[in-house]
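S.K.: Sequence:
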Amino acid sequence: MSVSRRREIALLCAAAMVTALGMALVCYAMDFSLLRATRGVALMAVILGCALLMDLAGAVRDRTLLPIIAMISGIGVVMLWRLDPLLASKQIVWMMIGSGLMLATYVAISDVRDLRRLKYVAGVAAARSCSAVSTGSRMISATFAFSSASRLTKKARSKPPNAGQFMPKPRPLNSNPPRPRFW
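Sequential numbering from 2 applies to the sequence shown in the numbering used here.
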């Protein structure tokens, strides 16, 4: 076993430990069973299995990229698990499907240089996905613009509580001064 392969496996194990510890801490904080934390560990086991299977398919690859992806995805799953466990479970399933597709692509394409002939197809696909993302971001910004505009018009239409008074109410001499309101 080469030094780079051992380093990759060690980094993947470190990513798995960070994910497992994060999931366990979130389960502890949310009063969940620790058995629920095994979902994140299962994701890391799938990624580690993909790394080992890619070594069987061919040993020529970048050995630092997969551990970095595993660490980032593990931290992302832990953060999502803290916010919404149901969405995190769905995300874990999709990450496992993506790992399987990554392995299938790696096995199907023997040489990465073969992808050069598909550069125009990849460019068109990237342009279409960028246009879909920009359309989505435009829709989100329009939603925020219309929701803030409706809030402004509601505020303008509603009357303040003391709309008919021109003079403020006198306050008693022994009362505390009003505190400034901070939003």
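Note that these hints are calculated values from the structure, not bench results. Keep in mind that a hint or two might mislead.
Unchecked claim - Label pairs and their in silico Cβ distance ranges:
no.: 1; residue 1: Ile98; residue 2: Val61; range: 22 to 28 Å
no.: 2; residue 1: Ser5; residue 2: Ala128; range: 34 to 40 Å
no.: 3; residue 1: Ala46; residue 2: Leu88; range: 17 to 23 Å
no.: 4; residue 1: Leu54; residue 2: Arg8; range: 15 to 21 Å
no.: 5; residue 1: Leu84; residue 2: Val42; range: 17 to 23 Å
no.: 6; residue 1: Asp63; residue 2: Tyr29; range: 20 to 26 Å
no.: 7; residue 1: Val42; residue 2: Ala126; range: 23 to 29 Å
no.: 8; residue 1: Tyr29; residue 2: Gly77; range: 32 to 38 Å
no.: 9; residue 1: Leu35; residue 2: Tyr121; range: 33 to 39 Å
no.: 10; residue 1: Ser34; residue 2: Arg118; range: 48 to 54 Å
no.: 11; residue 1: Asp63; residue 2: Tyr121; range: 32 to 38 Å
Quick caveat: nothing in here was measured; it's all calculated off a predicted structure. Don't be surprised by glycine CBs; every beta carbon is placed ideally from N, CA and C.
S.K.: Just to be sure I understand the hint, the distance between the Cβ atoms of Ser34 and Arg118 should be within 48 to 54 Å; is that true here?
M.R.: holds (51 Å)
S.K.: So the hint says 22 to 28 Å: do the beta-carbon atoms of Ile98 and Val61 match that?
M.R.: Given range 22 to 28 Å: holds, Cβ gap about 25 Å.
S.K.: Could you tell me whether the CB distance from Val42 to Ala126 stays inside 23 to 29 Å?
M.R.: violated (34 Å)
S.K.: Verify the CB-CB distance for Leu84 and Val42 against the hinted window 17 to 23 Å.
M.R.: Since Leu84 and Val42 have Cβ atoms about 19 Å apart, the given range 17 to 23 Å holds.
S.K.: Can the suggested window of 33 to 39 Å be confirmed for the beta-carbon pair Leu35 and Tyr121?
M.R.: violated (50 Å)
S.K.: In this structure, is the beta-carbon distance linking Leu54 and Arg8 contained in 15 to 21 Å?
M.R.: At 18 Å between Cβs, range holds.
S.K.: Using the beta carbons of Tyr29 and Gly77, state whether their distance is inside 32 to 38 Å or not.
M.R.: violated (20 Å)
S.K.: Using the beta carbons of Asp63 and Tyr121, state whether their distance is inside 32 to 38 Å or not.
M.R.: This hint is violated: roughly 25 Å between Cβ atoms.
S.K.: A range of 20 to 26 Å was offered for this pair. Does it hold for the Cβ distance of Asp63 and Tyr29?
M.R.: violated (36 Å)
S.K.: Taking the Cβ atom of Ala46 and the Cβ atom of Leu88, is their distance within the range 17 to 23 Å?
M.R.: holds (21 Å)
S.K.: Take a look at whether the Cβ-Cβ distance between Ser5 and Ala128 falls inside 34 to 40 Å.
M.R.: holds (36 Å)
Violated hints, listed in ascending order, are 6, 7, 8, 9, 11; each of the other numbered hints is respected by the structure.
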